[in-house]
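Visitor: Kindly produce the complete structure, drawing on both the sequences and the hints.
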Amino acid sequence: MATFKLDGEDITFEPGDTVIRAAWRAGREIPHYCWHPGLSVAANCRMCLVEITSGRKIDMPILKWDAKKSDYVPATKPKLQPACQFQASEGLEVSSKSEPVKQAQGAVQEFLLLNHPVDCPICDQAGECKLQDYYLEHQGTPKRKLTEPVHKPKGVRFGPTIVYDAERCIMCTRCIRVCDELAGDHVLDMRERGNRNEIVLAPGRELDHKYSLMTEHVCPVGALTSRDFRFKARVWFLKSAPGVCNGCSKGCNTHVDFDPRYGKVYRLRPRDNMDVNKFWMCDDGLMTYEEAHDNRLFMGRVGRGEAGDFVGAADAIAEAAQALKSVDGNEIAVVLSAQNSTEDNYALARLGRALGATRQYLAAKGGWEGDDILREADNNPNRAGATAAAGSAFAGTVSDLAEHVASGDVRAVLALGSHTAADTASLAKLEGLERFICLASNGGGMADAAQVAIPIANWAEAHGSFTNSAGTNQPFKRAIPAAPGIEPGWRAIASLAAALGHDLGFHRVQDVRAAMKPASADSDTTEARA
Amino acid sequence: MEPADDIIESEDTALELPSDPMRLNMGPSHPAMHGTIRMVLDLDGETIQNVDIQPGYLHRGFEKSCERGTWNQVFPYTDRLNYVSPMLCNIGFSLAVEKLMDITIPERGQYYRVILGELARISDHFTCNGASAMELGAFTPFLWVLKVRDWIWKVLEQETGARMTHSFGRVGGMAAPPTETFHHDVAALIPHIEQVTGEVEHMLLHNRIFLDRMQGVGNLDKEHALAMGCTGPVARSAGIDCDVRRDNPYMLYDRFDFEVPVGTTGDNFDRFMVRMEEVRQSVRIIHQALEQMPTDGPVNHPDLRVSLPEKDDVYNTIEATIAHFKLVMEGLKPPQGEVYSYTEAGNGELGFHLVSDGSGTPYRVRVRPPCWYNLQACRSMILGDMLADIIPTFGSINMIGGECDR
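First to last, the protein sequences are chains A and B. Counting from 1, one number per residue, gives the positions in the first sequence under my numbering. Counting from 1001, one number per residue, gives the positions in the second sequence under my numbering.
Read the hints as simulated data drawn from the structure, not as lab findings. We put the CB at the ideal spot given by N, CA and C, even for glycine. Possibly wrong hints are sitting among the right ones.
[Unchecked claim] Stretch by stretch, here's where chain B covers chain A in the computed footprint (C-beta under 8 angstroms, at least three residues):
(1) 121-134
(2) 137-151
(3) 364-378
Guide: Dropping the structure here:
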């Protein structure tokens, strides 16, 4: 494979690669602001200037300050090239650490901070800001300009999700390009030049497409901030766990950012995975983190509505076992959930088989629009995994279930998850059922309609996996601990099985995964990239 | 109850001294054991036949604790190494990280460190010698040297804000520049220190009881001291001519004219006299440093990646804000690598072996506490001596629990 040398180290590249892309792929960072691996090259920040030390030298005449003579003297400096635009070629030798390069990096950095406001203490980007990182790495000198900085609009509402601060903006145009190239919506552009340069909305428009939060994600500084995340948390207190978005069946890889002190999820960020979501996620997907805390079930419930009693999870499980014991296995309907992990679904399907329940239904969410960028038409992260768990026992959806209940074939329902595609008509038919058990992390839907509700951990509180529409089974890790007494779904199901006299043998999540293996051996199982 | 006379007169219980040695536990909580340390003694009468010295009762996990915070957050821990001279520990750690980062602080800062450090050394030696004398019944000299220590602490308090645990060192300088009256205060202190040194010697060196308890007691021979890795006053009293300040000058010690006192027999009296003479030499160093120290100029390293910027700049310029933010939230980041740096602390060579993984948190901090090695030599010093000799001998080693056990 073709290689070039970066600071004396061999870097392999593919045809068409620029220097910075080949270096990025090799895990070597050349400092940059405007370049992004997922966007086109703008080459306007000049931070990635490098010196080409091979080939014909191009020296430019300059006047250099001589402190001894206290005058400018003629000198030369090499012509530096932007690494983001310079094509890699065989035998090329590049230096990103030579003295002229260091000077250029320091100077670019100094210019960028020339009029930058003293905002770090109130800026959400502080702690993950490239200006901060590169200041220490490449500049480290105090301010020389002592005049009033240029002032520009601050706190400009760009749309329902994004606020813009022109003073913090370094005009890298990443946000413009992400709108153009990812969302295909030219809603942002730049006006004026020099000191008056700022990012503006298209006349009469708002930044309201489905990928507006990606502008904040690519912003290397604090110019664009998410209205949802603004002033909520300081990023250096957050820890991150690898997650998988449960917004749709694409299965975008996420960083689940949570504060370990409070056990609270604050946001999701896209996790790079070239096979699935590349660098991106949609707004709705990013906002799914809210479900980790909204309308949670913290207690079990026996009885419906006003008449219901709140009980501990263990008591709810005992109550559920009591209800299921009184009916024949073939009268029990198991409802799997396209919203829950494959592990939970598999455990429930196993319990169903153990009980002799021949009918396994699938509950799923609805009300969603796909697109041809990332969003799949199906907004259930794990329809494939849940369907595979049901196997040959698959008997239809919740509306089919409602019919079977009405016809008297089904006398007990054991359901996972609360989502039912807003199928209120079917739900209403189930509400009369005396033996209706639902294991759910959130209230609403089937959890409210059930006679016995058992609380379980959600995707942020348990290890699990989702199988996306492409058939890839992607594991995710627990971010925060579940509330005391609340177990992951598969474990609650194992406890229920034990109460019914069946030992599923599931003690750790690895046990469930090991048991799942033969069934899903044919499906493509890949580890999500950490 | 039977009358006592009956018991004594009965033949079965005739009083008989056992011929095998008596085992006696001294410490870990004992008024004469400086710090929590335990000695298991085998006594033949009052003669020490065997002794097992057991430190470790003050172990606080110093080194592990350092791996949590930033490099600068280690300073409060170093205060609690040798808490009788915390400034020397502060400076030792500063110099170690600076060696790792390959930086040198401005000369004014170095002079400042030298003066504060030598003041700490004086208070350390005075405390040790004063306490030794007190334990032998001479209470007056103890009060006199503590008076001097208090004067020194007043100066240190004015400079650092704390009498004992100053936490005043920083990587790349000191927490604050010298106060305006620093020169004057230290200069005014010097004659008093000299006077009290003379007074204390006058009191003790003509005292038969003191001399009998100190001379020829707790002998340490040179070879054994070398074998045990002794440094500082303990090694010098045994005739080992070593002092890190002179042999491997750090900071500006090569600019000062001072002598290294060396003893001959390594007994308690030699250790006492070596410390007394070192006080005089420290005074000499302070005297010279005060003369040479520039009256203005920076104390801290100018690089914003090392030292915190001025508050005024932090509030008004983005560059200083960023530097401040990064230094506080992430800490300064020495390059990857490891270093051993050593200084002459109150009790000898205080070494820091630091390993950095390039992050803002130390990967490993290993301390070579001088007491630990000096304490190893203690057994041979007290074997064969009398039980009561443990007190002056152990006192003259100046074991500091915080440093020894860490």
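Visitor: Confirm or reject each hint.
Guide: We went through each hint and held it up to the structure:
Chain B is given as covering the region 121-134 of chain A, and this holds because 5 residues of the stretch bring a CB closer than 8 angstroms to a CB of that chain, at least three being needed. Closer than 8 angstroms: that is the beta-carbon criterion, and the region 137-151 of chain A has 5 residues meeting it against chain B, so the requirement of 3 holds. Beta-carbon proximity to chain B at under 8 angstroms applies to 0 residues in the region 364-378 of chain A; the threshold of 3 is not reached and the given coverage is violated.
This entry does not satisfy hint 3, going by the numbered hints stated previously; all others are met.
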